[in-house]
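One letter stands for each residue in the lines below.
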Amino acid sequence: MRKILMLIAGLTLVFASATAQATLVHYMSQHPLPRKMGGGFCYIDVPHVHDFGPSDPRMYRQIDGQYYFVGDPSPFNYDGPRTPYYGPHPIAEANVQFGRPEYCYLQGPHYHWYQPPPQASFEMRGGAYWYTGNYEPAYYDERPRYYGVNEAYAPIVYARPVVDVTVVPPGFHGELVGGGPGWRATAVIGAPPPPMVQVGVGINMGGPPGAVIVEHDGGRHGEWRGGPPPHGGWRGGPPPGRGWRGNPPPHGGWRGEPAHASGGWRGGPAAPQQHAGGGWRGGPAPQQHAGGGWRGPAPQQHGGGHGWKR
Amino acid sequence: MEALRSTVRAFATRLALVVAIAAGGACSKGKPGAAAAPAAAHVEGTPHTDDVLDAWKSAGLKPEGFAALTPAPWVATYCEKGSVSGVDTTICEYADDGAVDRGQQQLKAEWERAGVHTGVAIRTKRTLLSAVDHQLSDPNGKTINQLIQAFRKL
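Protein chains in written order, with this note's numbering: chain A, 24 to 333; chain B, 39 to 192.
Accuracy of the hints is not assured; some may be wrong.
[Stated by the list, open to error] Mimicking DMTMM-like on lysine to aspartate or glutamate, the simulated pairs with C-alpha atoms at most 25 angstroms apart in a straight line are:
| hint | chain 1 | residue 1 | chain 2 | residue 2 |
| --- | --- | --- | --- | --- |
| 1 | B | Lys119 | B | Asp88 |
| 2 | B | Lys100 | B | Glu150 |
| 3 | B | Lys180 | A | Asp79 |
| 4 | B | Lys100 | A | Asp102 |
What the hints contain is simulated information worked out from the structure, not anything from laboratory work.
Values in this document were obtained by computation on a predicted structure and should not be read as measured data.
Kindly produce the complete structure, drawing on both the sequences and the hints.
Spelled out as structure tokens, the structure:
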């Protein structure tokens, strides 16, 4: 009986080894190497396979069974070309086709190895590219799923690009954040919203208010999503149906406080101060319109009081 | 006794001669261009293996030991295999696009069966480049990426 059992075990082993398939993991482009593989970075920028998976899936997007690294390569001994960005933006790597819009959800200043294509709505200001186009619905739909990339980077201390947030482009719809572990915003300023030129209904030539902020408690800043922030700061566009035109709305939406220790206009009706470093270049704060109602792109409320982010 | 010795010596000499002739004949059959086994031909209209090797040399890489594979694997018409800085590299030329696709599928199935640490298969026109790192010779993929960059320009 014992011999029979041993024979069966042996045959099972032989059969298993004969039919075993190697587990290959597919990558679309460059990516960090996991620590168990010695760390560092893989510079192969075409689809390829490895016999190991990604170290932190939060830094990847899976597309058709292939992993695409969506994070900042800087902390992984990456020594290739780097382009600075500020805030969320569409992933616009020339050699990579996703078949649908995909977004980088990294907050604040960060790097990628690719430059935005010339035809895309990016603006280089203050040392970084800012996305100034509109986000597709997919951006909002997938934000809860992919926002975790910021948590993945939170404990990693590395040199972020130095970005002057005083010159934020008017078309930038993302968040301005003051800092995180190992990095800090370069300026604390306020800027009034740019003047709005409205052409008919539904066309916003001015965009949402400009930068207000920032100096913050590193790390926790990005978690604020609710009521008035501890130090002010604009969190997006106006709330739905509030009819905001530059002055503080009656309830919510505009998050800036009128007074700040470091000075600067925060959304109140006072005429803004001109900053030497650029930034706001328009006239005084725009007037309230009698008709009310936001005239810009359709605002959306997201994620349990997260505010309008478009 | 002496007669027996001379007979054995003569037989041994003849035997050695026969073996030498047979061996010589066998070697001549293996030479490329011999009538018995015609050498595989390159495919027109797509980069040849020589073009690829020249491009790599121009990029500062050092291809080593490249030789034709007979028969050509993965439904290719012509293939050469060698290595570059420890990376196993195969370049294959195909007669048509369908064959390239089938070849690529077979190659990847082979990787799945056998396992590779790192594997890349990329095509330019109807020439397929396969680079496989079995021995962790290129841990950060920089050599493989150089191979690809030069290959893509062809």
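Which numbered conditions among the earlier hints are violated in the structure presented, ordered from lowest to highest?
-> 2
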